[in-house]
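J.: Put chain B on the given structure of chain A with help from the hints.
There are 2 protein chains.
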Amino acid sequence: MQITRFPDKNSWNTLLQRPVMDTSTLEKKVNDILQEVRTGGDAAVRKFAAEFDKVTLDNLQVPSAAFAAAEATLEPALKAAIQQAAKNITTFHRAQQEKVQVIETMPGVQCWRKSVAIQKVGLYIPGGSAPLFSTILMLGIPAMIAGCKEIVLCTPSLHPAILYTAQLTGIEKVFTIGGVQAIGAMAYGTESVPQVYKIFGPGNQYVTCAKQLVNKSGVAIDMPAGPSEVAVLADDSCVPAFVAADLLSQAEHGPDSQVVLVTTSEKVLTNVTNALNTQLDALPRKGIATAALENSKMILVKDMDTAIDLLNIYAPEHLILACEGAENLADKVTDAGSVFMGNYTPESAGDYASGTNHTLPTNGYARAYSGVSLDSFVKKITFQQISPEGLQNIGSTIEAMAAAEGLEAHKNAVTVRLKQLEYTGSLITD
Amino acid sequence: MQITRFPDKNSWNTLLQRPVMDTSTLEKKVNDILQEVRTGGDAAVRKFAAEFDKVTLDNLQVPSAAFAAAEATLEPALKAAIQQAAKNITTFHRAQQEKVQVIETMPGVQCWRKSVAIQKVGLYIPGGSAPLFSTILMLGIPAMIAGCKEIVLCTPSLHPAILYTAQLTGIEKVFTIGGVQAIGAMAYGTESVPQVYKIFGPGNQYVTCAKQLVNKSGVAIDMPAGPSEVAVLADDSCVPAFVAADLLSQAEHGPDSQVVLVTTSEKVLTNVTNALNTQLDALPRKGIATAALENSKMILVKDMDTAIDLLNIYAPEHLILACEGAENLADKVTDAGSVFMGNYTPESAGDYASGTNHTLPTNGYARAYSGVSLDSFVKKITFQQISPEGLQNIGSTIEAMAAAEGLEAHKNAVTVRLKQLEYTGSLITD
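Protein chains in written order, with this note's numbering: chain A, 1 to 430; chain B, 431 to 860.
Here chain A stands alone, though its shape is the one from the complex (with noise of 0.2 Å):
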């Protein structure tokens, strides 16, 4: 890891700059396969399927009698730690549910707002080294507690971790589809595979793309997406080991992920330096660990304030505070996804159990965008109904406004029901 000591704030945003994603060069070549999958549906999925996965797909859907198969087949501990982890997070994101509050912000001016399911969305599992299992909890059980109706998986690995995890989850549509062909299936609809209004999910630059174009038309997501990062701050009450050991767990995610440490201590330094050098040798991922820890930073500042106002201006996807006062230092981060606070709380515990979403913005985008939660599964519409005294209370406020913006037509709705209120003044006598 490059070393920085004491830099000038004006350098801040030099030295934090991220790799910049250009997706623009593979634009021409996402949507043609997009627009194929709109127009030629199942046959262009299984075309596309053969031609970049070298798979023959016959049914898309996959069988409801793969799901027993793939749970017969997983350890039990492995059955069992997915299923606390599944509490957790049903926990968690359950208290995020929010009661309908209705307002009277006049005599007889009733507003409130209420949660309603976006009715379809849809989740994208990558397939590759790893069996994402975990990003299934995290996407499907608040799509479930929101009460989304049509919930689609898409996914080219049958991995059984995969087939369990979506069965205790709920969801019962699941098609063995990849890349950029299962985006613009989900985008766009098929014979088999229904058209949703929502897609979630992590995936390579190829589905990245796919989901910022079929977004341009019309199609929500989730979030921009960029490679993985964690910034650690400590200072001498940090456990060195612990430390080196949360900086790698998310450099083995790729070559690309961001690792980035900040202290106040020298100390540290050197001795998270050392214990990163000891844990990298018995790494299985230790190539990709180190292309990573290549790119990443050591950043030494004098104090805790600097290190929040530089942490803030980087907007770490992941921030563990390893540090004294982590209570008090939390409280000022204003820009980060998710925060991790003492020695004993490890980015991946948020990875996969502790309740908490691990689906956050990375690249910056914490600066205005949240993690994924019960809010991106819902649309909160407004209500509103007025009484015949209440827009007697209210009218001449929207009738003045409206005439001072120049729409007659706005002021004149209030108007006819005014006038017809005087007209049959026992409406409002009381």
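Treat the hints with care, since some could be wrong.
As the list claims (entries may be wrong) - Have a look at the derived ranges for each label pair, beta carbon to beta carbon:
1) A:216 <-> B:732: 31 to 39 Å
2) B:852 <-> A:51: 49 to 57 Å
3) A:100 <-> B:513: 38 to 46 Å
4) B:495 <-> A:267: 49 to 57 Å
5) B:836 <-> A:51: 22 to 30 Å
6) B:684 <-> A:80: 54 to 62 Å
7) B:452 <-> A:205: 24 to 32 Å
8) B:721 <-> A:14: 48 to 56 Å
9) B:472 <-> A:284: 35 to 43 Å
Claimed, not checked - Covered stretches of chain B, going by a simulated chain A footprint (3 or more residues, C-beta under 8 Å):
10) 644–655
11) 661–673
12) 807–820
If you are wondering where the hints come from, they were derived from the structure by calculation, not from laboratory data. Idealized CB from N, CA, C, for every residue including glycine.
T.: Same frame as chain A, but now just chain B:
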């Protein structure tokens, strides 16, 4: 308005189709302007203001003296109306504040989330025929309640009501900049205009395209845009003159506005048509409203269930329920931006003063997007704190899942801690 009677369900999508908005032909031109503002700063902003708006801008920022001068010219009745609306909007949006709720998902595993303001936001208010000061209330008030540190307002209109409303809302940084150059200035920052993390507000197709492009480069935006629209569901209990007035208040927005009447009553079709013709003649914006009505639809359906099904598929920005049992029907609405219940709740109440937000999802986006609310100005950051005992409770769950996903470093971040706890057993004895 075109009348369709008892359309077959298979024809609904075609019947309810909205005009396709395609800004891709503008992209090159808009992108060139954005890039020139990005590199040229204030000088580029001035150049485009001269070229497109035919104005010479000296100071880009409105001087503080201008606000007092604007207030002095404003009629007291209009000021009082704006103040009343501000009060109601504040009441409704303040009720959206969320208390932090710490959830212990397992003993020793505490998780919570906290709403933190997006630190820097930009509001855009277009010029044109009407001074849209109401939109300043709708965006500025939740931004202030959220606690956004930097609130920037760009508008080419220095109408006194605009300046007065900005001042009332507490927005100090107002810039006389319009169009694509305003979006570019806020997205990238110039010598005068601070860079922001999220941009809100309506605009023409150039502004819409500019917002899409800066969004692609990482700046968040409020929501995708489309022409404004209303759907009215009316039965024999409606007052045809009120329904006609509501339809016209939407139709006067622009020739591309969408207006839909759904009813179970042939009599309502006749009576609303007659009332429309009478009211239309009196409108100053008759030409615009007439053009909008030509593309608009009246649909007769056999019963209320069919009506609600059809309206949920349409997903209107505004939905007026001018019928008996509006409360029961409202429970069945799954897809709409904002719902107005009963004969005395005109859409213009929500447009200006009842308290709900008027920045709402158009173009069917209500299927997956919410209108602007306090949520739009905050990120919900998750936090977690795990005690040593907590990690011993949850540790094996994390280890099993990380191992099954092939992410050993994720597992090791837990293992290294559990081992240390085992070794220094005193920490966990009780």
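J.: Against each hint, give a clear statement of whether it holds in the structure.
T.: Consistency of the hints with the structure:
Between residue 216 of chain A and residue 732 of chain B the C-beta distance comes to about 38 Å, which sits within the given range of 31 to 39 Å. Checking the proposed 49 to 57 Å range against residue 852 of chain B and residue 51 of chain A shows it holds: the Cβ atoms sit about 52 Å from each other. Range check, residue 100 of chain A to residue 513 of chain B: about 28 Å between beta-carbon atoms, so the 38 to 46 Å window is missed. Hint check: residue 495 of chain B to residue 267 of chain A, Cβ distance near 56 Å, so the stated range 49 to 57 Å holds.
Distance hint check for residue 836 of chain B and residue 51 of chain A: the Cβ-Cβ separation is about 27 Å, which falls inside the suggested range of 22 to 30 Å. For residue 684 of chain B and residue 80 of chain A, the Cβ-Cβ distance of about 59 Å falls inside the hinted range of 54 to 62 Å, so the restraint holds. Look at residue 452 of chain B against residue 205 of chain A: about 25 Å separates their beta carbons, and that is inside 24 to 32 Å. For the pair residue 721 of chain B and residue 14 of chain A, the beta carbons lie near 53 Å from each other, so the given range of 48 to 56 Å is met.
Between residue 472 of chain B and residue 284 of chain A, the C-beta spacing of about 54 Å breaks the proposed range 35 to 43 Å. With 5 residues bearing a CB less than 8 Å from a CB of chain A, the region 644–655 of chain B meets the requirement of three and the coverage assertion stands. Under a criterion of three residues with beta carbons nearer than 8 Å to beta carbons of chain A, the stated coverage of the region 661–673 of chain B is upheld, 3 such residues being counted. With a threshold of 8 Å between beta carbons, the proposed coverage of the region 807–820 of chain B by chain A holds, since 12 of its residues qualify and at least three are required.
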